Amino acid sequence: MSWADAAAIVLWFGVTAYALFAGADFGAGFWDLIAGGAARGERPRAVIDHSIGPVWEANHVWLIFTFVVLWTCFSEAFASITLTLFVPLTLAALGIVLRGSSFAFRKSVFRTRDQRNFGAAFASSSVLVPYCMGAVAGAIASGRVPAGGEAGEPVSSWINPTSILGGVLAVTACAYLAAVYLVWDSRRFGDEDMTEYFRRRAIAAGVVAGVVAFAGIFVLHSDARYVFDGLKSRALPFVILSALCGAGSLVLLFRDARGARALSIGAVATVVIGWGVAQWPYMLPTSLKVSQAAAPDGTLQAVIIVFAIAAVTILPALGLLFTLDQKSALPEEGAEPAAGSEQLQTSGSVDGF
Amino acid sequence: MLFAVDPVPWARSQMAFTLGFHIILVPLGVSWAAMTLIANYHALKHDDSEALRLAQRWSKYMAVTFAVGAVTGTVLTFEFGLLWPHFMGTWGAAFGVPFALEGLFFFTEAIFVAIYIYGWKRLKPWAHFWTGVPIVVAGIGGSISVVAANAWMNDPSGFTLSSSGKVVDVHPLSVIFNNAMPYQAAHMLVAAYLVGGFLVASVYAVALLRGRNTRYYRLGFIIPFTVAAIAAPVQMAVGDTLARWVYNNQPAKFAAIELVPTTGDDIPETLLGHMNSNGTVSGGIPIPGLASFLSDPRTGTSTVVQGRNAFPTNDEPTISETNVVHLAWDIMVGLGTLLTLLAAWYGGAWLFRRDMPRTRWFLRIAACAGVLAVITMESGWVVTEVGRQPWIVYNYMRVQDAATTNGGVWVTFLVIVGIYLVVGVTTILVLRGMSRRWRAAEGGEETDVPYGPSAPPPVVREEVPVG
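Sequence lines, in order, name chains R and E.
For what it's worth, this note's numbering labels the leading residue of the first sequence as 1, then goes sequentially.
For what it's worth, this note's numbering labels the leading residue of the second sequence as 1001, then goes sequentially.
Honestly, I wouldn't trust all of these hints.
Dumping the calculated SDA-like pairs for lysine to any residue here, alpha-carbon to alpha-carbon at most 20 angstroms [what the hints assert, rightly or not]:
#1 E:K1166 <-> R:K107
#2 R:K289 <-> E:Y1216
#3 R:K107 <-> E:S1435
Footprint (simulated), chain E over chain R, 3 or more residues, beta carbon under 8 angstroms [unchecked claim]:
#4 45-52
#5 91-99
#6 207-218
#7 293-304
Going by beta-carbon spacing under 10 angstroms, a handful of chain E positions derived as facing chain R [as the list claims (entries may be wrong)]:
#8 V1064
#9 G1073
#10 M1088
#11 A1094
#12 S1282
#13 I1285
#14 L1421
Simulated from the structure, these hints should not be mistaken for laboratory data.
All values reported here derive from a predicted model rather than from experimental measurement.
Ideal placement from N, C-alpha and C gives every residue a C-beta, glycine not left out.
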């Protein structure tokens, strides 16, 4: 395996992690958006706030990770992508600003009107961003981004069958993942109503995402032939695995059994990985190969060394964050208003911390 | 495109605006965690409930500023590609290396910010304190990494170019540890503590001026102001060293800084003033020989400083850019000196009276120090960025060759300015709303208007719009 191959794997690791972790946070925004009015939507929104509050910023860093690996290791592809897909990437960037700041503001204001305004900005941008990212993925997969750091078509590159498929699939897959995670979190918070609420939505979203993915096969057949052929051949195991995981998670959700979360992660991860395998060895099908796009070895080695450092430092730290979160050790920001000076004497410490 | 216009000036404006916005949040991200930990440490060590309350509230404010900082920083990540695709396409293999490290630090910061901010109630106090320490370390490492990338643009090194101008060989350590990096990184890091300290302290200076003279507010002033007061004189020394590096390595930028038309010795330090289109200097107060002396004190006023005539016109800042650089330089040095004097006042009071200065004039100036420190820092960035023109990679690539060809950048620029203004104003209103809510919850004795006849009733306070 060359350094370029290793860097491509690191890149795809970042893309997959972003889809699984930040994807679920975006999906939570989707459920926030359609949770209804201030009164009806209060409880699901409280679960969503509680669930993504401590983790969304760490999850968001996977995007920075992906960008940095892409522009450092595959600069030419990065230049082509940003030149061609100027519009959807700009929309995604603006959506990210609105989403992150609105979410932080919503937690910090107390008037219902303010909370609703910030909530609306948070939730609608949570749908916009994954759609744009999916459209970008579709543009790349369907070969609409040319090699050589050149601009492709400014509009049809991201408004086309494969991009629309990518956008819709991203939104539905995020919603599905989020709903499954929220079932788990509601159960953890001991809220049976919300467990049931999100369980029904997880099943619905899972079915829709499955239908979109299935319909996508026909879209790719006519619009992204190289990736379609790849999915039919070398990436076929991932396609099958994804279908099995997805179907399995729906069965478990339907029976209200445990294990749906792991299977839903498997279903989405295999789609992302399968896409990468299907377009191999191309970075931009079918004009730029990974080996052609790769930076000099010195750069690739540096990035892989940093990735190795991250694997032994960041991954355990992320594990700590998720463990504390799952043990409900990160209940809310600060300690106002009740605790104040009482924190010194608090007896509610979690074992080991 | 229908309304396509030359994208280069718009791309420059958008980058300058978004970076100028983000850079205000950077000092808070880097230094506020350290100041919060100081309060937290003091609280735990001395069982001080006021310091603890301060640390808890600061961490909640930080949650807001960190979120806004994270997303505005992300926009810059997009903009590298959206605005400067040819720069990234050509130089990404070298320029990107420091960012790989930065990613590591940003991850660490995001993880531990979350644990620290959300961990107050359930983690044991000292364990919780220690979860804050990685934030401080990551803030330092992250800012050094980002500035290393900017320093590389000033002193590109660690790569080999092929005959066709493609980067074919990269030495990552030489990229990161380029010659400009130690000076620039130190300058920005100290700036982060200086600006963050003055900015937070200025809020509490206002509270003290309004008569909220309790221990809580004094602590809220003393901790950040002390941090800033230590940073200020250090920054003078670091800045002076960096300026000498520029003198030796970026003489065209130095000529713009010092407003020098023609090479010579005994060059005056011109305060204010401007350069005319024919290259002569008008106005301002020249201090004879000082620019030469400061450039190299060993040779004193006989030090030769290169002027604008020493460089091809195409390779140096334009006249108007020169005037911008010089004015920004004057503002930075002037305000920096003022802030250092303020720090000396504060230090002197502690030295001789074991207390902070109590006069209202000190507090009035301190209340302005936050905004002044931000202006100082922004001016510094203008000096280094505009002073590097016309280059994006010094002596290798021009800004105009790096920019996107998308004619619609003017639209995104206008949209971004609109969104950022709303986000900026909202951030301030939300932070202020949090503060007011806490004060209202504590009862009337801490509301403002110290000597006014009637403080507004508490009900009004709760109705104050916060968003």
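| Is the hinted pair K289 of chain R and Y1216 of chain E satisfied, with a Cα-Cα distance of at most 20 angstroms? | violated, 61 angstroms
| Within the assertion that chain E covers the stretch 293-304 of chain R, do at least three residues meet a Cβ-to-Cβ distance smaller than 8 angstroms? | With 7 residues close enough to chain E, the hint holds.
| Hinted pair K107 of chain R and S1435 of chain E, Cα distance within 20 angstroms | The given pair, whose Cα atoms are some 14 angstroms apart, holds under the 20 angstroms limit.
| field | Interface hint status, V1064 of chain E versus chain R (Cβ within 10 angstroms) | value | Holds. Min distance 5 angstroms.
| query | Would the hint on G1073 of chain E stand, with a C-beta cut-off of 10 angstroms toward chain R? | reply | holds, 8 angstroms
| Counting residues of the stretch 207-218 of chain R whose CB is closer than 8 angstroms to a CB in chain E, do you get three or more? | It is violated: at least three residues are needed, and the stretch 207-218 of chain R offers just 0 whose Cβ sits closer than 8 angstroms to chain E.
| field | Minimum beta-carbon distance criterion (10 angstroms), M1088 of chain E to chain R | value | holds, 5 angstroms
| task | Hold the hint about L1421 of chain E up to the distance rule: shortest CB distance to chain R must be less than 10 angstroms. | result | violated, 12 angstroms
| query | Under the criterion that the straight-line Cα-Cα distance not exceed 20 angstroms, is the pair K1166 of chain E, K107 of chain R satisfied? | reply | This hinted pair is violated, its Cα atoms lying about 49 angstroms apart.
| request: Under 10 angstroms, Cβ to Cβ, is where A1094 of chain E needs to be relative to chain R, so tell me if that hint holds or is violated. | output: holds, 7 angstroms
| field | When the least beta-carbon distance from S1282 of chain E to chain R is tested against 10 angstroms, hint result | value | At about 43 angstroms, which exceeds the 10 angstroms cut-off, the nearest Cβ of chain R leaves the hint on S1282 of chain E violated.
| message | Checking hints one by one. Is I1285 of chain E an interface residue toward chain R, by the C-beta closer than 10 angstroms rule? | response | Where the cut-off is 10 angstroms and the nearest Cβ of chain R is about 44 angstroms from I1285 of chain E, the hint is violated.
Violated hints for the displayed structure, listed by number in ascending order: 1, 2, 4, 6, 12, 13, 14.
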